[in-house]
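Chains as they are written, first to last, in the working numbering: chain A, 64 to 230; chain B, 64 to 230; chain C, 64 to 230.
Derived from the structure by calculation, the hints contain no laboratory data.
Any given hint could turn out to be false.
Put simply, identical chains are the same to the list, so a pair is met inside one copy or across any two.
Stated by the list, open to error - Heads up, simulated DSS-like pairs for lysine-lysine below, C-alpha to C-alpha not over 30 Å straight-line:
(1) Lys79 / Lys180
(2) Lys199 / Lys162
(3) Lys180 / Lys164
(4) Lys167 / Lys199
(5) Lys177 / Lys80
(6) Lys199 / Lys164
(7) Lys79 / Lys185
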Amino acid sequence: MANIQTENNQNNAVQKKRLILVVSKGTIDMIYPALVLATTAPAMGMSVDIYFTFWGLKVLTKDGVNSVKIAPVGNPGMPMPNIVGVIPGMTKIASTMMKSKIEKFWPDVYEMIKMAKDSGVKLHACSPTMGFMDVKEEDLIPEVDDIVGASAFLSWASEPDALTLFI
Amino acid sequence: MANIQTENNQNNAVQKKRLILVVSKGTIDMIYPALVLATTAPAMGMSVDIYFTFWGLKVLTKDGVNSVKIAPVGNPGMPMPNIVGVIPGMTKIASTMMKSKIEKFWPDVYEMIKMAKDSGVKLHACSPTMGFMDVKEEDLIPEVDDIVGASAFLSWASEPDALTLFI
Amino acid sequence: MANIQTENNQNNAVQKKRLILVVSKGTIDMIYPALVLATTAPAMGMSVDIYFTFWGLKVLTKDGVNSVKIAPVGNPGMPMPNIVGVIPGMTKIASTMMKSKIEKFWPDVYEMIKMAKDSGVKLHACSPTMGFMDVKEEDLIPEVDDIVGASAFLSWASEPDALTLFI
Numbered sequence: 064m065a066n067i068q069t070e071n072n073q074n075n076a077v078q079k080k081r082l083i084l085v086v087s088k089g090t091i092d093m094i095y096p097a098l099v100l101a102t103t104a105p106a107m108g109m110s111v112d113i114y115f116t117f118w119g120l121k122v123l124t125k126d127g128v129n130s131v132k133i134a135p136v137g138n139p140g141m142p143m144p145n146i147v148g149v150i151p152g153m154t155k156i157a158s159t160m161m162k163s164k165i166e167k168f169w170p171d172v173y174e175m176i177k178m179a180k181d182s183g184v185k186l187h188a189c190s191p192t193m194g195f196m197d198v199k200e201e202d203l204i205p206e207v208d209d210i211v212g213a214s215a216f217l218s219w220a221s222e223p224d225a226l227t228l229f230i
Numbered sequence: 064m065a066n067i068q069t070e071n072n073q074n075n076a077v078q079k080k081r082l083i084l085v086v087s088k089g090t091i092d093m094i095y096p097a098l099v100l101a102t103t104a105p106a107m108g109m110s111v112d113i114y115f116t117f118w119g120l121k122v123l124t125k126d127g128v129n130s131v132k133i134a135p136v137g138n139p140g141m142p143m144p145n146i147v148g149v150i151p152g153m154t155k156i157a158s159t160m161m162k163s164k165i166e167k168f169w170p171d172v173y174e175m176i177k178m179a180k181d182s183g184v185k186l187h188a189c190s191p192t193m194g195f196m197d198v199k200e201e202d203l204i205p206e207v208d209d210i211v212g213a214s215a216f217l218s219w220a221s222e223p224d225a226l227t228l229f230i
Numbered sequence: 064m065a066n067i068q069t070e071n072n073q074n075n076a077v078q079k080k081r082l083i084l085v086v087s088k089g090t091i092d093m094i095y096p097a098l099v100l101a102t103t104a105p106a107m108g109m110s111v112d113i114y115f116t117f118w119g120l121k122v123l124t125k126d127g128v129n130s131v132k133i134a135p136v137g138n139p140g141m142p143m144p145n146i147v148g149v150i151p152g153m154t155k156i157a158s159t160m161m162k163s164k165i166e167k168f169w170p171d172v173y174e175m176i177k178m179a180k181d182s183g184v185k186l187h188a189c190s191p192t193m194g195f196m197d198v199k200e201e202d203l204i205p206e207v208d209d210i211v212g213a214s215a216f217l218s219w220a221s222e223p224d225a226l227t228l229f230i
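The shape of chain A in the complex, shown without the other chains (with noise of 0.2 Å):
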């Protein structure tokens, strides 16, 4: 292995200048990737938008937004037995280990997400999900930008200058 690069590597620069990220799992791993690239591509000149879609819908509640959870059972990648996972409470103590795990690298869910929107980052809830998931308007965090459907999604991931992930 020849060559390791730090995170803040000036040389990278994008040619697309746009970023529109779905999140559609609720789980701490899934929202992490998610928050990471939020966070990293404004300061590489891209305008960033991210579309709350199914369970990644909750990340966008005042509820949720502090207690985003990881499963502790059907995920092989966690150390600890599925009949361990199974135990009434283990699911909040594999959320917490991961959590303070995670926090030696990177601030907590909420704070990525004002951080995101101090650089310009727009957050949307999908509009059909608020429905199915009885999530109401007040029950969003302020920091929510819009509620919009499917044909508004389609329309940014189209542009010739987007780069579209499905997280």
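Position chains B and C against the provided structure of chain A, taking the given hints into account.
Chains B and C in isolation, oriented as in the chain A frame:
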């Protein structure tokens, strides 16, 4: 928060004219995002191809299309403790609960597939997955257009005019 | 249904010449779609970069590359009730079952990685994930090309000639 748009907003326009979706997971919560996009895009002037692979392929079978499930364990977004989720029958109960909820907002999976087909959406079964999943040609629903390999998918997905999402 | 193509169809051509894959999950069923694309694309004239992050990073470690697992719980696509899935040892049994089945169709994970390397595919380890996952440089398999951050990934992925998929 400023702005609420409805799903049917007519002001959205697309610049890329082709949407390519890979459906790799076979659970309700990952099928619906694909089907919602696939039924929204044609009205915006996009042609749509869906490539069903791995767990996603099951959705294209006669047995699978009416029995798409959701896992009640390992999903911290579900309001159900893991210890309950492993009780035999809970996958069925959780799936029924989620289905009855989803169907307040969208038609069922097979109905969505038929709507998509009526709009010209093409459904492709992944050929190498067929063998691996023990799915035979006669097991597929008649709405399937063809059985193709990864090279066909890469050929479409690499068109400059294509927006490609791996779901 | 009309048309069946084989994997080796020579009529498929690609217009974008670069394939960028993000591998964020560490389970067999999500590693194989990436490796199948990575070993198919070079024959079609595409250069391929794979960025391993979060759970995906484990696949690049000496310990991880030969022990990629599948979860027997939380996966309604598996023919195994959740109550059986939590019995100690079932992750191993489910993984062995799936591996022996997959290996009728494709080589094992490490063999696929070596095939990809022989075709010029580049393997990148995500630098911020290294710390978070307690993976040290000496833990990585020698096939890894470099350790880079999110900004390097965004730089490649934003090339107009790149097809980028988040798996």
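Original post:
Hints broken by the structure, by number, lowest first?
Top reply: No numbers; nothing is violated.
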